[in-house]
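Peer 1: Residues per chain, in single letters:
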Amino acid sequence: KAGVTQTPRYLIKTRGQQVTLSCSPISGHRSVSWYQQTPGQGLQFLFEYFSETQRNKGNFPGRFSGRQFSNSRSEMNVSTLELGDSALYLCASSETSRSQETQYFGPGTRLLVL
Amino acid sequence: DQQVKQNSPSLSVQEGRISILNCDYTNSMFDYFLWYKKYPAEGPTFLISISSIKDKNEDGRFTVFLNKSAKHLSLHIVPSQPGDSAVYFCAAAGTYKYIFGTGTRLKVLA
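One line per chain: the protein sequences are A and B, in this order. FYI, the numbering for the first sequence is 83 to 196, going by the working numbering. FYI, the numbering for the second sequence is 3 to 112, going by the working numbering.
By construction, these hints were calculated from the structure, which means they are not laboratory data. For clarity, every value in this text was computed on a predicted model and none was experimentally measured. Beta carbons are placed, not taken as given, at the ideal position from N, Cα and C, and that holds for glycine. Careful: at least some of the hints might be erroneous.
[Unchecked claim] From chain A, some residues computed to sit far from chain B (all C-beta separations above 12 Å): (1) ARG97; (2) GLN99; (3) GLN100; (4) VAL101; (5) THR102; (6) SER109; (7) GLY110; (8) SER133; (9) ARG149; (10) ASN153; (11) LEU163; (12) GLY166; (13) GLN185; (14) GLY188; (15) ARG192.
[What the hints assert, rightly or not] Computed cross-link-like contacts, SDA-like style, restricted to lysine to any residue with a CA-CA straight-line distance of at most 20 Å: (16) B:LYS39 - B:PRO11; (17) A:LYS95 - A:GLY144; (18) B:LYS70 - B:ALA112; (19) B:LYS39 - B:HIS78; (20) B:LYS39 - A:THR120; (21) B:LYS58 - A:THR184; (22) B:LYS70 - B:ASN9; (23) B:LYS56 - A:GLN182; (24) B:LYS73 - A:GLN182; (25) B:LYS56 - A:ARG180; (26) B:LYS73 - B:GLN4; (27) B:LYS39 - A:LYS95.
Okay, chain A solo, but in the shape it has when bound (with noise of 0.2 Å):
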């Protein structure tokens, strides 16, 4: 089976612009989250999209969302971006949204606001 795939790979913008990251999930994997990785905070949760649906957020501001398509794909959206958004965004799938349940990661998108 094909792994998670992210695009793009790299991204350069400017403070106030907005992005949309895309992530394609393991086939048959019906969740996907989203982590967000900078140096010294490891990896923070953002959400998790199950069947459509946000099952689970994490401590971010409102200018993140995202949305899943019936076909399991993902996009995560940040608008108005700010200096501090500079990161490797990461997706993850798994088959459920069991809690007990192995993630598989795809290669990340660096997303780098200047």
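Could you slot chain B onto chain A? The hints should help.
Peer 2: Quick look at chain B alone, frame taken from chain A:
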């Protein structure tokens, strides 16, 4: 409030010796724990997991130990190889999908 902590930001080990990476957590409701390995510019790769009903899980060179009373888990890599050099993250399953530690950078010296 950091619910999952990896207190050693880095660790150096000689090739062939044992690497021990540690992780502490504060929430007793966590019931599933995982270790991931991450190389630069790549996503984390799943290594091994353990359910809270077990205290040990083994997979080849990797063994994870869970001490629920101490709220502590550790990853043992035996023998360590240069290709194991990476950042290792522990994660715990809780209300949010996973809560990750801040990582330990392992360097295996040839």
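Peer 1: Confirm or reject each hint.
Peer 2: Here is how each hint holds up against the structure:
Residue-level check passed: ARG97 (chain A) sits 24 Å from the nearest beta carbon of chain B, beyond 12 Å. Look at GLN99 (chain A): its CB is around 24 Å from the nearest CB on chain B, clear of 12 Å, so calling it non-interface holds up. Every beta carbon of chain B lies more than 12 Å from that of GLN100 (chain A), the smallest distance being close to 24 Å; the non-interface claim holds. At the 12 Å boundary, the C-beta of VAL101 (chain A) stays outside the reach of chain B, the nearest C-beta of that chain being 19 Å off.
Residue-level check passed: THR102 (chain A) sits 19 Å from the nearest beta carbon of chain B, beyond 12 Å. For SER109 (chain A), the condition that its CB be more than 12 Å from all CB atoms of chain B holds, with the nearest at approximately 17 Å. A cut-off of 12 Å between C-beta atoms confirms that GLY110 (chain A) is not in contact with chain B; the least separation is 16 Å. The beta carbon of SER133 (chain A) sits about 15 Å from the closest Cβ of chain B, which is more than 12 Å, so the claim that it is off the interface holds.
Listed as outside the interface, ARG149 (chain A) is consistent with that label: its C-beta sits roughly 17 Å from the nearest C-beta of chain B, beyond the 12 Å cut-off. Even its closest Cβ contact with chain B, about 20 Å, leaves ASN153 (chain A) beyond 12 Å, as expected for a residue assigned away from the interface. At roughly 22 Å, the least C-beta separation between LEU163 (chain A) and chain B is larger than 12 Å, which holds for a residue marked as non-interface. Annotated as non-interface, GLY166 (chain A) keeps its C-beta farther than 12 Å from every C-beta of chain B; the closest such distance is 17 Å.
Here GLN185 (chain A) does not stay apart from chain B, with its beta-carbon only about 7 Å from theirs, under the 12 Å limit. With a least beta-carbon separation of about 5 Å from chain B, GLY188 (chain A) fails to lie farther than 12 Å from that chain, contradicting its non-interface assignment. Annotated as non-interface, ARG192 (chain A) brings its C-beta within 12 Å of a C-beta of chain B; the closest such distance is 8 Å. Annotation: proposed proximity of LYS39 (chain B) to PRO11 (chain B) holds, straight-line Cα distance about 14 Å (limit 20 Å).
Distance hint between LYS95 (chain A) and GLY144 (chain A) is fulfilled; the C-alpha atoms sit about 19 Å from each other, no more than 20 Å. Distance restraint check for LYS70 (chain B) and ALA112 (chain B): the Cα-Cα separation of roughly 35 Å exceeds the 20 Å cut-off, and the hinted pair is therefore not satisfied. Pair hint LYS39 (chain B) plus HIS78 (chain B) holds up; C-alpha atoms about 13 Å apart against a cutoff of 20 Å. Between LYS39 (chain B) and THR120 (chain A) the alpha-carbon distance is near 16 Å, which keeps this suggested pair within the 20 Å criterion.
A threshold of 20 Å between alpha carbons decides the hint, and for LYS58 (chain B) with THR184 (chain A) the separation of about 17 Å falls inside it, so the pair holds. For the hint linking LYS70 (chain B) to ASN9 (chain B), the alpha-carbon distance of about 18 Å falls within 20 Å, and the restraint holds. For the hint pairing LYS56 (chain B) with GLN182 (chain A), the CA-to-CA distance comes to about 13 Å; that is within 20 Å, so the pair holds. As the CA atoms of LYS73 (chain B) and GLN182 (chain A) are separated by approximately 18 Å, the hinted pair is consistent with the 20 Å bound.
Of the pairs offered as hints, the one joining LYS56 (chain B) and ARG180 (chain A) holds, with about 18 Å between alpha carbons and a cut-off of 20 Å not exceeded. Restraint check for LYS73 (chain B) and GLN4 (chain B): satisfied, since their Cα atoms lie roughly 14 Å apart, inside the 20 Å limit. Between the alpha carbons of LYS39 (chain B) and LYS95 (chain A) the distance comes to roughly 29 Å, so the proposed pair goes past 20 Å and is violated.
Of the numbered hints listed earlier, those contradicted by the structure are 13, 14, 15, 18 and 27.
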